[in-house]
Structures are given as C-alpha cells and as structure tokens.
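**Student:** Spelled out, the chains give:
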Amino acid sequence: MSDHHPHEEVGRTTSPYAARIRAIEALLLEKGVLTEPEVQDSIAYMEARSPASGAKLVARAWVDPDFKELLLSDGKAAASELGMDPEHPAEFVVVENTPEIHNLIVCTLCSCYPRAILGRPPDWYKSFAYRSRAVKEPRAVMREFGFEPPEGVEVIVHDSTADVRYMVLPMRPPDTEGTDEEELAALVTRDSLVGVNVPRSPSRTSLG
Amino acid sequence: MTFEPGDRVRVLTAEKHGHVRTPGYLKGKTGWIESVIGAFPNPEELAYGLSGLPQRPLYKVGFRQIDLWDDYTGPAEDYLYADIYEHWLEPERGTI
Chain A
1 MSDHHPHEEV GRTTSPYAAR IRAIEALLLE KGVLTEPEVQ DSIAYMEARS
51 PASGAKLVAR AWVDPDFKEL LLSDGKAAAS ELGMDPEHPA EFVVVENTPE
101 IHNLIVCTLC SCYPRAILGR PPDWYKSFAY RSRAVKEPRA VMREFGFEPP
151 EGVEVIVHDS TADVRYMVLP MRPPDTEGTD EEELAALVTR DSLVGVNVPR
201 SPSRTSLG
Chain B
1 MTFEPGDRVR VLTAEKHGHV RTPGYLKGKT GWIESVIGAF PNPEELAYGL
51 SGLPQRPLYK VGFRQIDLWD DYTGPAEDYL YADIYEHWLE PERGTI
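Quick mapping for you: the protein sequence lines, in order, are chains A and B.
Sequential numbering from 1 applies to the first sequence in our numbering.
Sequential numbering from 1 applies to the second sequence in our numbering.
The hints are simulated quantities; they were obtained by calculation from the structure and are not laboratory data.
Take the hints with a grain of salt, since some may be wrong.
Claimed, not checked - Straight-line C-alpha distance at most 35 Å; calculated DSBU-like pairs for lysine-lysine:
| no. | chain 1 | residue 1 | chain 2 | residue 2 |
| --- | --- | --- | --- | --- |
| 1 | A | 126 | B | 16 |
| 2 | B | 29 | B | 16 |
| 3 | A | 136 | B | 27 |
Model, not experiment: these values are computed from the prediction.
Same shape as in the complex, but just chain A (with noise of 0.2 Å):
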C-alpha cells in the first residue's frame, strides 16, 4: 500500500475539521471498527435522501384527505407507502400548519433532523445562531427567512431533544386550485418543511 493516503486528492477540502474526520475514519478502518463498503452504504443511504422526498409527501396530502390523515398520524407509514424507506431508530412525525397554528423546527442540543425522509440538514440548520435563537426568537428567525406570520397565528417551536424527529406539513398556497400533485410538490422547499417559511406561491415559481 502506498504511504500517500488515498484522501489527500488534489482539490479535497483541507480544512481542520475535514482533516480530523479523514484521520478518525482511517483509524476506524485501520482498527476494523468500520469497513470500506459500511462507510460506502451510508453515505449512498445519505445521497438516496432529499427535502424532495419531504415534498412529495406533502403534495400528496394536499390531494388526498386519507393520505394526509395517514401522514400526521403515522409518519412512517405514509413515507413507505410512497416507496421510500423510512427506516431509521427514531421516531417521525409531521406536525401541520393551519390557518391558527404555525409550526418551527429546531434541535437546540445538536442537529436532529429527519435524514431517513429529507437526508442532511441544511448548514445553517446546525448553526449555533439558529438552534439559540429559533426558540428564543423564533418570529424574528423567521422573518429573516422572509416570512411573518399574520396576525393572530400562533407559533409553536419543536425542539427536538429526544427520540423524535419533526416536518411540518406547510399549508397549501392559494391558487393552486388546478395545480397538479408534481406541480404542487415543486412549490414545497425545505424551508418550509422545516417552518421557517412557508412554500412558494405558483406566481413566485413561474418568474424562476
């Protein structure tokens, strides 16, 4: 074997932190803790997932009442009964918006998030400003975001602490009357899947 280690590419990340996870998963390999094909799996069961999956489902319950009752009441269910695999130790449930209620996610302990239905949280997900403020400040968080609640809409924030990991089921937007379920799916970002927005309107997408 070469004493070059088969990381340290031309054009690889360098910074310290990446270095250190590089040098920890050598050893874990090194020590047989991990194999080459179990670190290979997880990261194809990371790239499998994507906020599009979290999209899907919502569209789906915007067009099927069932779906949508299936969807709140046993998260998992609903995500394999779309194909995906939802499998993972943890609990998820989706909370819904509604013209009373807005729902916020956030893990103030570290960085919980739905990975087996969405895959990684976005960065500033994980930041230190976020997870302090979304509880602490969370309609201003979201105003930074572009969106306010209207008037007399309560907020509620989710910190997922535990075994529990949380997706809002947004509201759907006006005018989407005739908008099929892909269209519909198509307005839905991560965002407001995680409630610091809400989806885009279909006027918003057709101007790119």
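Given chain A, put chain B in place with the hints provided.
**Tutor:** Relative to chain A, chain B alone:
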C-alpha cells in the same frame, strides 16, 4: 407511566454532564404533559455503549414561551414543545 396528558410538570434543575437530552434553558421551568410519546432506551446511557435499559418513558412537554423567557416579545399564545424523559420531570402542584 407516571404522568398523563394535562399534568403540570417541572423540569429538574439537576446538573448532569455528558450526553444529556434535556436542554439547559428548560431546567426549572414549568409546563404540561402534552402527550406520551412512548418508552425508549435511555439515550444518556446509550451514548456510552450501555444498553439504556430499562426503557424510559418519554413525554412531549408543552411550555408557554412567556414562561421561558422574561423578555419574550411574541404573543402569550406562542408555545414550545420539547421531548423530555420522565427522570427529568417532577410533578408541579401549583398553577402557572
């Protein structure tokens, strides 16, 4: 299960280091049991390679934002829910 939905509870103020799933900003705060989530292996032990058994009851606990932050600027109807293990909760007899 010790608690039922609607019960008033207070989060313990215990100092415990390491992998603790009860955030500091909720310690000593009073809220209510919103729902019983289920029983799970104790993550405070799982994190150190132990079994986490017996399983511990986990509750969704609701708090009024105005009870958490003295300077909360939003409406009194804004809530926060957090998932708290039973061994971090004690009954709260008073009213809030």
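**Student:** Against each hint, give a clear statement of whether it holds in the structure.
**Tutor:** For each hint, the structure was consulted:
1. 126(A) / 16(B): 23 Å, holds
2. 29(B) / 16(B): 17 Å, holds
3. 136(A) / 27(B): Status holds; Cα separation ~15 Å.
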